[in-house]
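A.B. asks: Kindly generate the complete structure, drawing on both the sequences and the hints.
Single-letter residue listing:
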Amino acid sequence: MSTAAAPAQALVSAPALRLTGDFHHAGRPLFSGLDLPISASGWTCLLGPSGVGKSTVLRLFAGLDTGGTFDGEISASDGTPVATRIAFMAQSDLLAPWLDVVGNVTLGARLRGEAPDLARARALIERVGLAGHVDKRPASLSGGMRQRVALARVLMEDRPIVLLDEPFAALDARTRAEMQELAFEVLEGRTVLLVTHDPAEAVRLGHHLFILAEDGLTRVEAPASPPIREVDASETMEMQARLFHALRGRPA
Amino acid sequence: MSTAAAPAQALVSAPALRLTGDFHHAGRPLFSGLDLPISASGWTCLLGPSGVGKSTVLRLFAGLDTGGTFDGEISASDGTPVATRIAFMAQSDLLAPWLDVVGNVTLGARLRGEAPDLARARALIERVGLAGHVDKRPASLSGGMRQRVALARVLMEDRPIVLLDEPFAALDARTRAEMQELAFEVLEGRTVLLVTHDPAEAVRLGHHLFILAEDGLTRVEAPASPPIREVDASETMEMQARLFHALRGRPA
Amino acid sequence: ADKMTLLLDWYVNPDHGPIIIAKEKGFFADEGLDVEVVAPADPSAPPKLVAAGKADLAVSYQPQIHLQVAEGLPLKRVGTLIASPLNCLMVKDDGPVKTIADLKGRKVGYSVAGVEEAQMRAVLSRHGLTMDDIEMVNVNWSLAPSVMSGQVDAVIGAYRNVELHQMAIEGVKGRCFFIEEEGMPSYDELIYVANPELMDKAKIVRFLAATERATQYIVNHPEESFEIYAGTAPELNDELNKRSWADTIRRFALRPAALDHGRYARFEEFLKENGLIETIRPVSDLAIDVSVQ
Amino acid sequence: MSASSRLTPMQRLRDALVAVVVALSLWQAIVWLSGVPPFILPGPWRVAVTLADNIGLIADHALVTIAEVLIGLVFGALLGAATALHLMVSPAARRIALPIMVFSQAVPVFALAPLLTLWLGYGMASKIAMALLIIYFPVVSTFYDGLRRTDPGLLDLARTMGATPTRTLLHIRLPAGLPAFGSGLRLAAVYAPIGAVIGEWVGASNGLGYLMLLANGRAKTDLMFASLFVLAAFAVALYALVSWATRRMTSWSRESLDTL
Amino acid sequence: MSASSRLTPMQRLRDALVAVVVALSLWQAIVWLSGVPPFILPGPWRVAVTLADNIGLIADHALVTIAEVLIGLVFGALLGAATALHLMVSPAARRIALPIMVFSQAVPVFALAPLLTLWLGYGMASKIAMALLIIYFPVVSTFYDGLRRTDPGLLDLARTMGATPTRTLLHIRLPAGLPAFGSGLRLAAVYAPIGAVIGEWVGASNGLGYLMLLANGRAKTDLMFASLFVLAAFAVALYALVSWATRRMTSWSRESLDTL
Ligand SMILES: Nc1ncnc2c1ncn2[C@@H]1O[C@H](COP(=O)(O)OP(=O)(O)OP(=O)(O)O)[C@@H](O)[C@H]1O
Ligand SMILES: Nc1ncnc2c1ncn2[C@@H]1O[C@H](COP(=O)(O)OP(=O)(O)OP(=O)(O)O)[C@@H](O)[C@H]1O
Ligand SMILES: [Mg+2]
Ligand SMILES: [Mg+2]
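Chains as they are written, first to last, in this note's numbering: chain A, 1 to 252; chain B, 253 to 504; chain C, 505 to 797; chain D, 798 to 1057; chain E, 1058 to 1317.
No wet-lab data here; the hints were simulated from the structure.
Note that this is a predicted model, so its numbers are computed, not measured.
Yeah, the Cβ is synthetic: ideal placement off N, Cα and C, and Gly gets one too.
Any given hint could be a false lead.
Not the full set, but computed from the structure, chain C residues with beta-carbon under 10 Å of chain E [said to hold, decoys possible]:
{"no.": "1", "residue": "A543"}
{"no.": "2", "residue": "A545"}
{"no.": "3", "residue": "A556"}
{"no.": "4", "residue": "E739"}
The following residues of chain E were derived to be distant from chain C, with all beta-carbon distances above 12 Å [said to hold, decoys possible]:
{"no.": "5", "residue": "V1079"}
{"no.": "6", "residue": "Q1085"}
{"no.": "7", "residue": "L1135"}
{"no.": "8", "residue": "A1139"}
{"no.": "9", "residue": "S1161"}
C.D. replies: Encoded structure:
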């Protein structure tokens, strides 16, 4: 089961990324002088207060319209463009209401005119716990189920760079932990940028941690042990508390 | 500021509620023999795995269409109907895309043909941290900002019963804590049913805690101290860990 | 002055000469009448509106009054505007149809007015043909264009004083078979109809007197009368109207009030033979001479 | 656009009967109250009698018109859908062809009639073309509007998935625009019969439009209204059919009738 | 439905000019290639000359038609919107009135012409009524479809907020349905001129429709096409205006043209 969920193709090498520059909405600066390095083949976690521009950063990497003006550079270590090699999971689930679960999970293949790998899709759907719901349309799914469909869909995409915008926010603690493990396993070797609000999640998954705040970007050292980390290891717990306070403690 | 955000009217008495019965989707049972008591004037937190039926329970209390069949009873301690006395915040933000932030927050008043209390709306918008965004439309807001607008809107509704479906899920840790405090303050004396995935949140806010699982409802004792509780009080931390394990530890 | 409403059969054209001239020269005013002239696009509407009491008079066609009375419309012919058929079977002069007999196996266009099949049957029978020998095609809005472009070989329902000139101006020479020479009973092309229960005979008598004067004026002063006619609206002042005017003058009824009983009896007979009406009505049900009764 | 989709067939039948009765009563009431003479608007009873007396004649002509309408509707819908899709992929088509299309739509068909008959003759082709022409623009316009209003989030997603514009159109915009296509198709169902009838007026020797003209020419108002009635009844049936089909086609689109 | 809303006025003007040139070339090409005689379809040059020669005459008639169209459009849009809203609140209206409306729409206007003139006379009223009648149904149909497709989540919300059906209609469904109303209005802008022209055919002594029929009857095809050209140009201008206005009215609705 877990092998079937692994990508069918050999892995393309995952580059490091970097975003530098300023961004403003009609003159109102969102961030300036930002320099965000994403290291190759690992999980970089981006945290920060609501509305600070995390999703905007993700959309910039994905080459999507942000409604504002970006003045800077987005580059990959191998010198080739970024936006064509990404898989993107947005903050809202963005399921096609007319497709059932299988249809949504295999949408990428159909959009590229490839034959969808149905076996892999079914395996992933089983892994995200929706085996009994394959032919339901999004309207008949709960919020967390919808998010898991979107997760399965992004995991189906076999891309070297993966951008995840709060992919586990609608899930209960247990399902969330399982999904984190699944994503970590499937995305091994990829360059992953994860936006999250959950310090525990960041500490559990991140090779590198950044906090984006109104006053700029701060790097936070990740624990020494490699992810994926045990939730209740003392090192993790301590780190989590530190991170939590780093996030909460900023002056109001 | 915090006084302005308080309801203008005298408080109507908040009843206790109870939901008993079975529910199925076209013959597929979701829960059966459920008996969920919600005590008067306090926060009851409902946790449980994704897709188990938490949102369905909330919609049943709200008298909304669930796409399935409910066979049972919903009653209030004072014997009057429930659905006409509730304020409801759904899992998705449900903002009207054509209204700006103020317009969305004051929608309820306009729908009832009342004059919107603009001062209170502005105070609430300021409390949810969107003072600088009053005239933005939802499309120009971040995910967390949209959720805060929806929160301000439900807090504007001066109702004895309040149903909240993961109202803080899209917020970063710090904003989340602030919003919890705001909601707790504004909803004082109300009967609140909160669906959440975050054990810390449940422990922080709940007078009563329930876990809904595939095999039925379990009551979990809340800490002895009254909410709202300190996040890092030892009692809270311990309870949180217990709850977390109760949630994770179910057989796969 | 007494107000009066007259519905034309169609847009203003030289066929309406006496009405326009009577109005412009003040002959109506001399009779103490203030006549409002309204032009519709659908010729079948005006008789209905007069029957419904919405106007005093309408310009219509003799073949129509027979059918309308048969269907129970409260209408009678009270005057004549054009006292001979204008309708003709029109072909291209250089086309294949030299005689009626050449129509065998060919297409004949028409614009539905109700009696054209009967007309064709009458014309064909003179030359040993039946309706099965030709194909009738409803070309509704475009009689002249359809024959000019060769889509049909002939059209019935074209007006000899209009369509022939129209084709000539477009550079296509046309030719008319005059249906009254080919076996059709003759009839009044344009008549005035009124609702016999509602009409004010005295007013109609005055109206007809004014148009009679106008007709005389036109006959006596063809050029001046055209100037007056063309001066009423800029869109009327053109080559076609000029040619058509000259060709129409001799067709106006010189005695608009006079009624030829025989014509109406013969036409009623003709329609009965062709199955278009079921019973023969006395002429007095169809037409009256308002000046005597 | 039709009654709620949550009704049973029996309820629908009952509603349809009520609608018929109400319509006939309205019609009769207008005839009585306004005192309009029967040769301008005959009452329902007279028309019913005429319909019964001429049922064979009317049925023969109706079959011709129905065939024209159905063929015109199918081709018009296909052509309209293809045009809307093309407008979506081609900015040039959008900027240049769209104004031309609007321009051509504002030309009343009677002006095109000689042209159409010149090219297509007096057979069925010109009537089908007329039915097609009359429904083409509503289908294009509503479907194109629907295509344009696709959730931008889904389009972003398609883009990150490496979709070509054509595949985005087929897999995202097309299904997202189907409810709007349904709107256009329902309009088309109402107007296609008028198109065919106009086609018949332009030149024909059979069909309900021809029969109406003939009846009008012979002052047989009863017969004209009987043909008209059959035409309108056919339009309602066609509308119900198209409504049902489009509803099925877009069952995922959550229409909220009973929850107001 | 119009070119992208992200174009500058200069670009729009350029596009419009290109569209005009393309349209005229197409027209000329048809005339040359098909060898259609000028009495059926005159070329653009001939029409332009005729237009210039008769500019005063055509302008006089055009003003009448424009007035009729604008009045008809305003009233048709208002009446159509009111009907769609009413259909939404009243299940009875939906089940009974809707089929009757479809039925009445399928009756070609020419059949109603004597009735209309009987009631409204030969003045401007009957032309306005005709323009109104022709746009009424497209507006009702598209707007009603839009009202029906409102996000059920928002309706649920309104319900929990204690809204009456009427207020839900005004504050939720109405704004949510505005983009669809815009679709209907754009269709209406194209068809209202045809309505007025048909009204003029029924009986008038001025207006572009009158001029066209007159020219047609006199085989002055050049003049007819010149009038037709002015009519169609007016329709395009009206469409552009309505398009701009409806776009502004629904600026919140995210239309995704350039992101395909
Ligand atoms: N219209 C429907 N038809 C069939 N099944 C449905 C329908 N709507 C919801 N369901 C099912 O009902 C179940 C409960 O959904 P609900 O939204 O109540 O879950 P939940 O506990 O809120 O989950 P989450 O935490 O993911 O939001 C799900 O399994 C879902 O698939
Ligand atoms: N189209 C727009 N016009 C103007 N401002 C916009 C627009 N889109 C987004 N913004 C603003 O950009 C800012 C950053 O938004 P973004 O979605 O990147 O935040 P975020 O960090 O992802 O927040 P969250 O955690 O709440 O999702 C917000 O303040 C938002 O108001
Ligand atoms: Mg975000
Ligand atoms: Mg839920």
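A.B. asks: Determine for every hint whether it applies to the structure shown.
C.D. replies: Hint check:
no.: 1; hint: A543; in the structure: 6 Å, holds
no.: 2; hint: A545; in the structure: 4 Å, holds
no.: 3; hint: A556; in the structure: 6 Å, holds
no.: 4; hint: E739; in the structure: 6 Å, holds
no.: 5; hint: V1079; in the structure: 27 Å, holds
no.: 6; hint: Q1085; in the structure: 20 Å, holds
no.: 7; hint: L1135; in the structure: 29 Å, holds
no.: 8; hint: A1139; in the structure: 31 Å, holds
no.: 9; hint: S1161; in the structure: 20 Å, holds
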